[in-house]
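Novice: The whole structure should be built from the sequences, with the hints applied where relevant.
Residue strings, one per chain:
Number of protein chains: 2
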Amino acid sequence: MDDQLYDRVALIGLGLIASSMFWAIKRAGVADEVVGYARSQETRDTAREIGLCDEVCDTLAEAVEGADLVVLCVPVGAMGAVAEEIAPHLDPGATVTDVGSVKKAVIEAVGPHIPDGVHFVPAHPLAGTEQSGPRSGFAELFDNRWTLLVPAEGSDSVAVERLRNFWEALGAHVEEMDADHHDLVLAVTSHTPHLIAYTMVGVADDLRRVTDSEVIKYSAAGFRDFTRIAASDPTMWRDVFLTNKDATLEILGRFTEELFALQRAIRKGDGDHLHAYFTRTRAIRRGIIEAGQDTDAPNFGRTPKPKG
Amino acid sequence: MDDQLYDRVALIGLGLIASSMFWAIKRAGVADEVVGYARSQETRDTAREIGLCDEVCDTLAEAVEGADLVVLCVPVGAMGAVAEEIAPHLDPGATVTDVGSVKKAVIEAVGPHIPDGVHFVPAHPLAGTEQSGPRSGFAELFDNRWTLLVPAEGSDSVAVERLRNFWEALGAHVEEMDADHHDLVLAVTSHTPHLIAYTMVGVADDLRRVTDSEVIKYSAAGFRDFTRIAASDPTMWRDVFLTNKDATLEILGRFTEELFALQRAIRKGDGDHLHAYFTRTRAIRRGIIEAGQDTDAPNFGRTPKPKG
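In the order they appear, the protein sequences are chains A and B.
Just so you know, the first sequence maps onto residues 1 to 308 in the numbering used here.
Just so you know, the second sequence maps onto residues 1 to 308 in the numbering used here.
There are no misleading hints in this set.
The calculated lysine-lysine pairs, modelled on BS3-like cross-linking and capped at a C-alpha distance of 25 Å, are: (1) B:K245 to B:K104; (2) A:K268 to B:K245; (3) B:K268 to A:K245; (4) A:K245 to A:K104; (5) B:K217 to A:K104; (6) B:K268 to A:K104.
Note that these hints are calculated values from the structure, not bench results.
Specialist: Have a look at this one:
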């Protein structure tokens, strides 16, 4: 294939991101062979059943041997142990990358295990859905989304460039960023919103005077958008909060500060404060639609179902 | 028409809900004539231009005279003044209803102005989008959504039944509820989620170290779902919080309590607490999809745009 960038790609962990990468790699024709590994036998069986990966390997060593690109697609908390286990089996000249939602912690956990002569280029595709597991992937997941590369200083520029071309072939826009800034930006755009959504859904679930069935029936009034976010993979998100602790706590602090100001305005009946605040937030929505990161169809273009 | 339930429906206020009602009434053929009124000349001009309402009236009095159903579709804070103004022009036997998101405050503001012989049946269609204004309506808005009727004790059962049939003809499921319970349920499923979304979007907007353009570019990681909610009409939402103060503050109190517990778990590195919490919230999402109140397509079925 003319567009081929890697001979053999090894996907470690076969969840939403890895399975989407597989279908996107096949769509783009940018690798000769894609092999996969998952720790659980059940996931490997499912992958084989649905034709996910050209070959599903039973060990980490088998998967990474001979690979010129190894992609770590496991929860952030598992990255270090996986890196340690694969290190002796990596080919010289290979590139190791990852798809973790946190970068500083991944670099600290994985970096020390990378042998000389192997390139380590951390990355983070900003794409996902509320679904998880090997069956949840689809080739279009990265189309028109951003993938952030977080190469260490002194990284091999050819390896970085090749990975950039790879992600672009998978449909993404690519930008480089340093790890600290990445972790702060993601605390704002992703980690704190997820924690808040989890919290709100938890509150609703807890409430004695409003039954579960009422919360579910009447969810269309706003709550259901929170539940989509709060349905995301629990292990992945536990690790995100444990490993991006400082930035998340900082943004949470600002969030509660603002929330208390609005709460006070409600208590005092300060309508002007509320109206001004709510007017300001509208502009951001327009920016996101203009940037092509969402649809302007009402309700995200949810199709109403006919009655009955 | 066989299915006709009212001779003349007057829609007061011509925003998202009223304009959707108009198209849904026409689709269902449940009224002989639908007239509309909006306070602003600009809105009335737009309505005439797009054929919204059989007739657009220039005064409240004109609109309600001869109507057997009057629907108040103005922000909750304006309901009392409108009710007072229309009261002398209401036909005996007519039904006055509303679509406000808060019910106790509307009943207190509107109830005293309703003349003897006129039926007052408060209602709340739990449907909406982030868009507003006379151009934002569409006939399918209420399909498969709930409309809650909140009739006072001793309401005329024939009038209540007719309004129920009307909302069912517009595509909705209908249930009755008392005002206090309505306001609490909505504080959980709608009002508090909206306030939280507004707050998170405000925090992102405020942050100096993360520029607006980064927040917008990388919004797909979770934040953009908040911005949809936070783009809703500021006047409507100001009034909701001012008039459903007690229930909103109560739910906000529970929310911050839970948030602080999760924040503490993050600070202490208590992964088990986080994982258990995040696992529990997944079940609610499944319930909402099974109840037909959302789609199970990933990302609400947003269609990814091809690159370029």
